[in-house]
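Residue numbers (the numbering used here), protein chains in the order written: chain A, 1 to 354; chain B, 1 to 354; chain C, 1 to 354.
Please note that a few of the clues may not be correct.
The list treats identical chains as interchangeable, and a pair is accepted whether it falls inside one copy or across any two copies.
[Said to hold, decoys possible] Taking lysine-lysine and the DSS-like style, the derived pairs with C-alpha atoms no more than 25 Å apart in a straight line are:
no.	residue 1	residue 2
1	327	102
2	343	327
3	49	284
4	333	284
5	248	102
6	49	102
7	102	136
8	136	343
Because the hints were derived from the structure by calculation, they are not lab data.
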Amino acid sequence: MFPSYTLRRLLEILGDDCQVVGDYDGSIRGIAPLEQARSGDLSFLGNPKYRSLVASSQASVILVPEDYEAARAEGQVHIRIKNPSYALALVCRDIEGTLFPKPPAGIHPSAVVEDGAEVSPDASIGAFCHIGADAKIGAAVLQSHVTIGRSAVVGDESYLFPHCWVGDYCEVGRRNRLHGGCILGSDGYGYEYIEGEHQRVPQIGNVVTEDDVDVGANSTIDRARFGSTRIGLGSKLDNQVQIAHNVKVGKHCLIVAQVGISGSTLLGDGVVVGGQAGIAGHLKLGAGAMIAGGTAVVSDVEPGSKVRGYPAMPMMLFNRMAVLQRKLPELFKRFDQLEKTVKSSGAETNRSSK
Amino acid sequence: MFPSYTLRRLLEILGDDCQVVGDYDGSIRGIAPLEQARSGDLSFLGNPKYRSLVASSQASVILVPEDYEAARAEGQVHIRIKNPSYALALVCRDIEGTLFPKPPAGIHPSAVVEDGAEVSPDASIGAFCHIGADAKIGAAVLQSHVTIGRSAVVGDESYLFPHCWVGDYCEVGRRNRLHGGCILGSDGYGYEYIEGEHQRVPQIGNVVTEDDVDVGANSTIDRARFGSTRIGLGSKLDNQVQIAHNVKVGKHCLIVAQVGISGSTLLGDGVVVGGQAGIAGHLKLGAGAMIAGGTAVVSDVEPGSKVRGYPAMPMMLFNRMAVLQRKLPELFKRFDQLEKTVKSSGAETNRSSK
Amino acid sequence: MFPSYTLRRLLEILGDDCQVVGDYDGSIRGIAPLEQARSGDLSFLGNPKYRSLVASSQASVILVPEDYEAARAEGQVHIRIKNPSYALALVCRDIEGTLFPKPPAGIHPSAVVEDGAEVSPDASIGAFCHIGADAKIGAAVLQSHVTIGRSAVVGDESYLFPHCWVGDYCEVGRRNRLHGGCILGSDGYGYEYIEGEHQRVPQIGNVVTEDDVDVGANSTIDRARFGSTRIGLGSKLDNQVQIAHNVKVGKHCLIVAQVGISGSTLLGDGVVVGGQAGIAGHLKLGAGAMIAGGTAVVSDVEPGSKVRGYPAMPMMLFNRMAVLQRKLPELFKRFDQLEKTVKSSGAETNRSSK
Numbered sequence: 001m002f003p004s005y006t007l008r009r010l011l012e013i014l015g016d017d018c019q020v021v022g023d024y025d026g027s028i029r030g031i032a033p034l035e036q037a038r039s040g041d042l043s044f045l046g047n048p049k050y051r052s053l054v055a056s057s058q059a060s061v062i063l064v065p066e067d068y069e070a071a072r073a074e075g076q077v078h079i080r081i082k083n084p085s086y087a088l089a090l091v092c093r094d095i096e097g098t099l100f101p102k103p104p105a106g107i108h109p110s111a112v113v114e115d116g117a118e119v120s121p122d123a124s125i126g127a128f129c130h131i132g133a134d135a136k137i138g139a140a141v142l143q144s145h146v147t148i149g150r151s152a153v154v155g156d157e158s159y160l161f162p163h164c165w166v167g168d169y170c171e172v173g174r175r176n177r178l179h180g181g182c183i184l185g186s187d188g189y190g191y192e193y194i195e196g197e198h199q200r201v202p203q204i205g206n207v208v209t210e211d212d213v214d215v216g217a218n219s220t221i222d223r224a225r226f227g228s229t230r231i232g233l234g235s236k237l238d239n240q241v242q243i244a245h246n247v248k249v250g251k252h253c254l255i256v257a258q259v260g261i262s263g264s265t266l267l268g269d270g271v272v273v274g275g276q277a278g279i280a281g282h283l284k285l286g287a288g289a290m291i292a293g294g295t296a297v298v299s300d301v302e303p304g305s306k307v308r309g310y311p312a313m314p315m316m317l318f319n320r321m322a323v324l325q326r327k328l329p330e331l332f333k334r335f336d337q338l339e340k341t342v343k344s345s346g347a348e349t350n351r352s353s354k
Numbered sequence: 001m002f003p004s005y006t007l008r009r010l011l012e013i014l015g016d017d018c019q020v021v022g023d024y025d026g027s028i029r030g031i032a033p034l035e036q037a038r039s040g041d042l043s044f045l046g047n048p049k050y051r052s053l054v055a056s057s058q059a060s061v062i063l064v065p066e067d068y069e070a071a072r073a074e075g076q077v078h079i080r081i082k083n084p085s086y087a088l089a090l091v092c093r094d095i096e097g098t099l100f101p102k103p104p105a106g107i108h109p110s111a112v113v114e115d116g117a118e119v120s121p122d123a124s125i126g127a128f129c130h131i132g133a134d135a136k137i138g139a140a141v142l143q144s145h146v147t148i149g150r151s152a153v154v155g156d157e158s159y160l161f162p163h164c165w166v167g168d169y170c171e172v173g174r175r176n177r178l179h180g181g182c183i184l185g186s187d188g189y190g191y192e193y194i195e196g197e198h199q200r201v202p203q204i205g206n207v208v209t210e211d212d213v214d215v216g217a218n219s220t221i222d223r224a225r226f227g228s229t230r231i232g233l234g235s236k237l238d239n240q241v242q243i244a245h246n247v248k249v250g251k252h253c254l255i256v257a258q259v260g261i262s263g264s265t266l267l268g269d270g271v272v273v274g275g276q277a278g279i280a281g282h283l284k285l286g287a288g289a290m291i292a293g294g295t296a297v298v299s300d301v302e303p304g305s306k307v308r309g310y311p312a313m314p315m316m317l318f319n320r321m322a323v324l325q326r327k328l329p330e331l332f333k334r335f336d337q338l339e340k341t342v343k344s345s346g347a348e349t350n351r352s353s354k
Numbered sequence: 001m002f003p004s005y006t007l008r009r010l011l012e013i014l015g016d017d018c019q020v021v022g023d024y025d026g027s028i029r030g031i032a033p034l035e036q037a038r039s040g041d042l043s044f045l046g047n048p049k050y051r052s053l054v055a056s057s058q059a060s061v062i063l064v065p066e067d068y069e070a071a072r073a074e075g076q077v078h079i080r081i082k083n084p085s086y087a088l089a090l091v092c093r094d095i096e097g098t099l100f101p102k103p104p105a106g107i108h109p110s111a112v113v114e115d116g117a118e119v120s121p122d123a124s125i126g127a128f129c130h131i132g133a134d135a136k137i138g139a140a141v142l143q144s145h146v147t148i149g150r151s152a153v154v155g156d157e158s159y160l161f162p163h164c165w166v167g168d169y170c171e172v173g174r175r176n177r178l179h180g181g182c183i184l185g186s187d188g189y190g191y192e193y194i195e196g197e198h199q200r201v202p203q204i205g206n207v208v209t210e211d212d213v214d215v216g217a218n219s220t221i222d223r224a225r226f227g228s229t230r231i232g233l234g235s236k237l238d239n240q241v242q243i244a245h246n247v248k249v250g251k252h253c254l255i256v257a258q259v260g261i262s263g264s265t266l267l268g269d270g271v272v273v274g275g276q277a278g279i280a281g282h283l284k285l286g287a288g289a290m291i292a293g294g295t296a297v298v299s300d301v302e303p304g305s306k307v308r309g310y311p312a313m314p315m316m317l318f319n320r321m322a323v324l325q326r327k328l329p330e331l332f333k334r335f336d337q338l339e340k341t342v343k344s345s346g347a348e349t350n351r352s353s354k
């Protein structure tokens, strides 16, 4: 699956600001970490702590920092460049364009487009897509089995992977990536307990994602009770994330896999939430707050603060507590011993003080 | 997306038991909380603690409790009514009927219905639905991409959202709402370790949901090893809930997002399980038990009791423990100090008692 | 849904190594646990602790261990056999073959197969399947709405349930079972923070599952940044599991529902991960390690060791700690008391020693 590259093509991608040491006539056939790379592979020194692995690497071409000077294996090429990790990303982006070409514009004959829907002539609508009445699809890519609800909107340059569903009236911004099976616009979970039954509270709002939002595979975002559940500009949600109704996620947030955020909670800009964390409803997480993985947040979090634990506490306190927790068995023993000492000593003292 | 309402139409929905103070000629164009509402919006005072926000609200029409008497902004209408929150739900239900009209009966030409399947003439079968052999579909709505397995049953007035899958032989009751991407009838997770390999244990039971059950988006309910995995009357499951094989959920339970319930566990009626809680297998949770979010339940829970923690403990104990846990660093310091005092004091005592 | 069996047919399935006590002319119409079984049911004594339930069971036929000798109810049959639980699995496998017959080979007329795809003539391709360009499908079963990406491979005898998606270039081994809605090959979650924005790092690797792998409903496995995310021979993943990019799962691992494994982590052979556990990135879990449900693993785990907790600690230590944690309120009280005693005693001592 890897497209073959010549050294010359590689250098075209990297541009002029690099220095080539050595030469390699063969084709570059893969990318691998330094210690796993074989002849024909491209590798890179991204982290200085792996510096010692360069000498023994079998890679044919290695991206190294500008100041890296050391022996090369016979027939190996070093490319000295400012940021080897970023340089590798440039190469990967080029490969991505080859491996995952943008499908041609047009509507697959198997797709169903309801009356009143407007589909951009530059859009690519895949097999078995269903576009609801009055929906508006910009110059976006919809892979197979994508469902777009009534009056929903999808912005230009967005990419919707198979099996995802954008519900009625929901609005997807530009340059979004909605991964497979994700759902925008399921009903919010709201019931009133009346006469022994849970009566459904109608959920008549929608979901809005601003530009440059990513939503991970099989993630779910509920429509608002009224108004909008909103994901801010540039925020990135990982797989299997659950966002409840009326949540507002700020700009440039990172929400890692399997996180759950309960209803009406507000995240400021740049909040980072680690995997499997859970956040209760009606809370405010200030801008730049960091929530460690697995944390249960049950009260507001100050801007810029770091919390961890079940329930959440300041990260420094948690880390100290986690160490001491393991010492509880020892503490209880020491305590029993001390109690005995004090009692006998007390008796002793009592005797001695008579 | 919001349908426009006149005050007259609003009062028709609310019925006679309300008192109107003021008049408003314009159209009502949205619903918003008191402090976010703008001119043209409907708002409501649901919780007495927000009473002070009414005076400064920009809303054109506000639902207030019967005993609410205070100054109104110029041109603002107050509607005094017994339960403003319930009154709002009535309005939302009316809006919902307009925004999400029931699709007409009939089978979309792209749908595939296998031999022997019986589909009610009142059913609405959406694009790309697949109805298995010998399945029975009542007067239900199936949106697009719904898969119904062989000999499966869907009751009248149930609503199946896009991409959900009801597996072979499974039975969905009446008035269920199965949200997008949810799965009823995946294989139970059962293996026997034989000669170094995990051999699959056949799962030949089904899933049964009684009437008025809701299943959230991307939730999964496994078929029983034999017999049925069962969800009781009126129980409501949120998104990304996982129910293992042979679990029985009682009537009117609430199971919040991302909860996992392991095999053969039994929930009594009215059990509430908070988000991300996990419940081990072969347990009994008594009627009315409440499991706090994130709790790990590893033993039976008494009817009506409240538990929390990892592992679960009585909620009162957990709350006390959670406070003290944060004091562990302080306790360890105090303890070290006390130990020193006792030792030196002991030496002192020993000296003095000689 | 249960196929009717005669006693004679049952004995054919079980083979010669069993001894029949009593006779039963009726049909066997169901399978149930001893205490729930009714007349016409087959039951079994799998666990010696339920021995007392045999006598009162209403089951018409009961599989019992070879050494089981006790009174039978009127008209009840006991079948003495070496491993009653395994014997039941044999019966269930036979029933499974009847209830879930393998669909006939062929491509459903609604399916879309892109140019260059090779589909085995023995494959069964269901309604609304989409097979990408240059994909290779062996003698596998694809139920409805399955999406196979460009150049992806599906091995012989694999079974893909509705709505699952195998992404571009991913490779599924032989005899895999990919349950409904699962996704192999969503993008890895990788961003670089550049000039105030999270820039996506291209994910150009794939997902490889070796032979005999099961993936649960709505589980997600991300493609590698480069190279492969890999699931080893015979490993079984439950529902709603999340596997991040570049993870390597060894052979014969069990990964229970709602587990999340972060990027580049390596699991040795035979690792067992309990439900809802979370494992941080770039870790090594040694062969045979056992991770208890709900555990948060944040550092390497030794082969064969058992860990539990948030964060993970040796299971024995956790269990001890969990008991003592509940005694914290008592400990704090005892401590306050002891501190008082020591202080007053110290004063006493001081007086007495003067």
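Checked hints:
{"no.": "1", "hint": "327 / 102", "verdict": "neither (57 Å within a copy, 57 Å between copies)"}
{"no.": "2", "hint": "343 / 327", "verdict": "both (24 Å within a copy, 21 Å between copies)"}
{"no.": "3", "hint": "49 / 284", "verdict": "between (39 Å within a copy, 18 Å between copies)"}
{"no.": "4", "hint": "333 / 284", "verdict": "neither (42 Å within a copy, 34 Å between copies)"}
{"no.": "5", "hint": "248 / 102", "verdict": "neither (32 Å within a copy, 30 Å between copies)"}
{"no.": "6", "hint": "49 / 102", "verdict": "neither (38 Å within a copy, 54 Å between copies)"}
{"no.": "7", "hint": "102 / 136", "verdict": "both (20 Å within a copy, 21 Å between copies)"}
{"no.": "8", "hint": "136 / 343", "verdict": "neither (81 Å within a copy, 77 Å between copies)"}
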